[in-house]
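Please work from the sequences and hints to get the whole structure.
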Amino acid sequence: MLAYAWLMLLFPLLGVLINAFFGRRIGKRAVSWVACSAIGLSFLVALGVLMGTAGSTGVEQPLFTWISAGSFHVEFSLLLDPLSALMAAVVTGVSFLIHIYSIGYMAEDPRYARYFTYLNLFVFAMLILVLANNYLMMYVGWEGVGLCSYLLIGFWFERKAAADAGKKAFIVNRVGDMGFALGIMLIFAMFGTLQFSEVFRRAPGILGPAAVTAITLLLFVGATGKSAQIPLYIWLPDAMEGPTPVSALIHAATMVTAGVYMVARNHVLFDMAPTTAAVVASIGAATAFFAATMALVEKDLKRILAYSTISQLGYMFLAVGVGAYAAGMFHLTTHAFFKALLFLAAGSVMHAMAGEINIQKLGGLREKLPRTYAVFAVGAAALAGVPLFSGFFSKDEILWRAFLHSPVLWLVGLGTAFLTAVYIFRALFVTFWGETRAEKKLWEHAHEAPAVMSIPMLILAVLAVIGGYIGLPRLSLVEGYLEPVLHAEHAAEAGATEWVLLAVSALIALGGIALAYYLYVVRPAVPANLSKQFAPLYTLLSRKYYVDEFYMAVVVEPLRQVGRFIAELFDPRVVDGAVNGLARLAGVCGEGLGTLQNGRVRSYALSILVGVVIILGYFLLR
Amino acid sequence: MTATPLETVLFIAFGAVAIAGALSVILARHAVYSALGMLVNFVALAAMYIMLSAEFLGIAQLIVYAGAIVVLFLFALMLIGGRRPAEQGRLTGGLAAAGSALVVVFLAEIAYLVMRLTGTAGAKGTVTPDVIAQLGHIQLLGATLLLEYILPFELASVLLLVGIVGAVMLARARRQSRQE
Amino acid sequence: MNSTGFPLLSLIVFLPLLGAVLVLLLGRRSHAGIRAVALAVTLIVLGLSLAAAALFRPAEAGIQLAEQAPWIPSLGISYRLGVDGFSLFLLPLTALLFVIAVLASWKPVGSDEASRSAVQSYFFWLLLLETGVLGVFAALDLVLFYVFWEAMLIPMYFLIGRWGGERRAYATMKFFIYTMAGSALMLVAILALGYFAYQSTGAWTFDWQTLRELKLAWPAPLWLFAMFGLAFAVKVPVFPFHTWLPDAYVEAPTPVTVLLAGVLSKMGVYGFVRFGLQLFPEGLRAAAPWLAVLAIIGILYASLSALMQKDVKRVIAYSSVAHLSLVVLGVVVANAQSLAGVVMQMVSHGIYVAALFLIVGMLEERRGTRLIAEFGGLWKPAPLLGVCFLIAMLGAVGLPGLNGFVGEFLILVGVFQGVRVYAVLAALGMILGAWYMLWTFQRIMQGPVEARSAGAADMRGMDLLVMVPLLVLIIVLGVFPNLILVPAGATINALVSQAAAVAWLP
Amino acid sequence: MDAIRYLLILSAVLFSIGAAGVLIRRNALVIFMCIEIMLNAVNLTFIALSRQLQSLDGQIFVFMVMAVAAAEVAIGLGIIVSIFRHKPTTDVDDVSLLKG
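Chains as they are written, first to last, in the numbering used here: chain A, 1 to 622; chain B, 1001 to 1180; chain C, 2001 to 2506; chain D, 3001 to 3100.
No lab work stands behind these hints, which were simulated from the structure alone. Check each hint, because a few of them may be wrong.
[Unchecked claim] Result set (DMTMM-like, lysine to aspartate or glutamate): computed pairs, CA atoms no more than 25 Å apart in a straight line:
#1 Lys2380(C) - Glu158(A)
#2 Lys2107(C) - Glu2364(C)
#3 Lys2310(C) - Asp576(A)
#4 Lys2380(C) - Asp164(A)
In structure tokens form, the structure reads like this:
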């Protein structure tokens, strides 16, 4: 089955080509069929590959030589090992469901074909990233998904906000990509090759502590760009301008997890660089807590989920930072399911309420959208880490490993878990419980999502629940599955402490839910006056710590001023001025000489005499 | 070529007169006085030529320069005359000052060169002063002029012809302009 | 003569001249006839140059398809053509861009009625320009090279001077004098070289290959390189000498700008390698630190300037200054990867900058203005134009999978092996590049639909015919860059071994 | 040997006075006279040297100089007078139509 792995790439590519060139002619139905079947087939191949690679340490499948310039030799070939197979399966699976969901969601959009073209292109680029067997090919996928996220965020480009958000996303990603590119160059400078297998095999021998730290830090910069960690997370909340299925696919399940996958893929290097690992873990924990606080006060449902994604990614980086790569990947998988589910549910809410997403203006949707509510509740439970839901197992695994590594990180993780439970159930209660605050006609018009949207949500809901059991502490299929690749050191036998921690995190989750229930259902007035009492804190949070304004003032504006100075002042005046100055100088010299010829005979006589005197003088002195 | 005492005295006298004449030409207030100064200069030079055993040239100098050219100048002065008020001031600003300074430098250079002069540059010729005395200056001069230098002689005559024609043309031009 | 004895290169170089004469013979009125002849000639030249590329044996590093004939024996000047791995792909690139330029001039060119009707003289100068440019890339005798180098200026002077925009007189004059001044010293250097050859071998010669073996006492290579370098620095352009570029690009008519940006800038880079790296490696090494610093400044300076330009054509003009400065940095660093990147970037920059300028031409046609502020939401009425602009822009920004990326990345890898700080600074250019390109794209194509651009027509037959080949090349060269890298491989290895002996970098 | 030296000095002085006159004076006629003086200074040198070198060539030259001088004065004065006819001034500086 592995031999046909390249089909995984071919199908989305065909989908892109067909929809791009014939999209408008073949009508919406055909377009959706082409797009969804492409991803479906690709998903089947991915499943086959998933089975095929169980237990193998990775099979390389070269397709063709991409670049050969002196010793710089880059093949376009696939690396099929449990890690990439798992990622490929998750990517194709979730995107297949979202493709189906999009049929319903984007039904009336005039540029239907272009939407599915971009979506297929995204999956194609993501698979290149995941299946790459060398850094450069991963970089190609890396920027490819960046491009697709730019196109899809700015899909409704008539809206200036969407266009700006798209640009912002691409440029911030580019900043991260620069770090990644420099990392690749450093690797090539050190190893002379970019092949993962080669690099990992020769790494211990070649890399000194400084070099490995430099490489891993640069790679991590790339990861923070793509996976929206501090300091390069600012683009993700704005990315909600794009259609909701896009947010679900790209900004929750797949693209943003690329950073985590990259760190997991380079686990050999990260293991050799304890300092970087510490940096990764601390940034992960910090981002998790930081984003969770912002989600508390956010009013836009999709932005709440966006901050939640940043926070959960922080968890994953915390996991890989402390060396628990398998736990990170496990949480990545479960997160893909329940976060995609939450986004799709938010999508169906928007679909029902004609685009209204501000939770203050919703409320009481339980009666109107029972299915969406149920599904959203399952997702919320999984996210909050309610026992028996998938989130609980994967998050707990991370907290357990964090505890083993350093209690401080564990404490931060626990606190964030509590905040997570609060903000997600705040969103749930405010949106679905209590009386409705929506306008009258919107309320009547609200209707449940069509089948084509609800079925994917149901499937995801099921996955969100059972997803956790594949990672039970002892059963740990995931860890076992990834064992050959990640050789994760085995956790100490599940002693009493692990059970205690399990109980503690369960309590924390339920406590959070209770607090949310109390605040937003029992005494809805409390949050209002709370925000008044802690007004400065509240505004700080609601203005997102003024980070955007900070970047604008420190980075964007100065560069624009320098640019304006160069374009309007320096270039035309100084550099160009110098050139024109030279021209005028020639003119001035011309006039100067002109005055010598003033027509007066006696001045000529004088110049003759001057000549004579000089010549005589020369002969005398020689 | 040792100079006899008499010669030196005469030489100094005529030298001084020549210089005085020249100075009066440039310093005279009125053009007529400078013309007379020029006359004095020419006469002094004529005398010196004769001293230097170039009698014919001395006489020629007297006739051509002292006679013809000075008279011509006087004619011109008559036509233009000194009707104009006295010169507005001899020195015209920086030009004159620079000019005279340069002239002094020039003179210094020449003097220095002459002082440094050693030995005769070219080979000596055969015409010694006593040969001139014996054969007569005009005969010798006439012979060399018409034998060795016949071409320059003819060219000189052509030049003079051109001079005459030119002068006549200028005169005619003047008559026409007066008629309009 | 080369193996087949058939003077292929001479044919390629002088066919356009023949075409130019042919155009003159046709009547002034028969515009269609003139355009047909011009197109036919440029297409044949393209075919021949591709044949030359096919005939080229990638394994050998030296000069191939060489042609040699005495021209002025007494002075040792001979008519000598040849091509090596480095300049091989410049010929087809030039030929292609000239075909594109002819197609782009199908509708009348020029800003006033008089120039729009002067079709005959326009195509005459255009074909003459092609001969000049092809000659520069193929000439192997220094004097012949100089003749073509200067000959190319005259048609360019008329093309911009007569068919340009409002400030064309000023722009042409500045362009002409700037280039002329730059190359004046080059002539002196060429003669000096000839004299050194005479000194050591007893016979005047300007043949590039024999001059390469010349051993020159130390200061000579430095100042010789400096003189050559100045002419090329003006042409590329390198930082302080770039001010002629924005005016010339902006005032020239679209097809001429395409040639100016796509091909003429490559002559500077080609010169740096052919006469810098291969002729005076020590000279280049000594000047390398200065050139590198100027190149870095060029990248950041031009990118920042492009950010704040108000005229979209000036944005692209400054962007090509930035991209070419990176190429110069690649030449100066001179190792295997950076030189491969230089070869790749020369071709791909030619292609995507041509595409971008064509699009600017189309934008100007539709809205009669080039000021970015007056555009907005053009993607809705003209989706095809939007997609083409997007692909060309992404090629320019260096998106992996498109041609811009391969060249740029190889150069950065090469520079990184040399001086890491330079690579980091140059990589900043990547971010700035994305910023100003995307921002320009957004203000023109996206955002609320500007009232006046609502009626803008989408791309029609001729526009597509001109644009599609370029876009296809942008994608094909991005996915299969080895089409260009492999043939250039042998020459680059020879270059590197020579440069390595001299490389100034650790 | 010293006699010739003084003669040369004398002619140099005369020549310088003539040159100074040309530069200082503004009256065309006076300038013309100064030129004559300069010519005569040269003649003096010629004769002195011809005597010194005992060859008549020098004197022939003086002859030629005289011829030229005569022609020159004739035409020169003609010109000055015709200029005077045109513009009633003998001041050289006013006559500067051939300005560069």
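Against the structure, the hints:
1. Lys2380(C) - Glu158(A): Cα-Cα ~8 Å, so holds.
2. Lys2107(C) - Glu2364(C): 14 Å, holds
3. Lys2310(C) - Asp576(A): 18 Å, holds
4. Lys2380(C) - Asp164(A): 17 Å, holds
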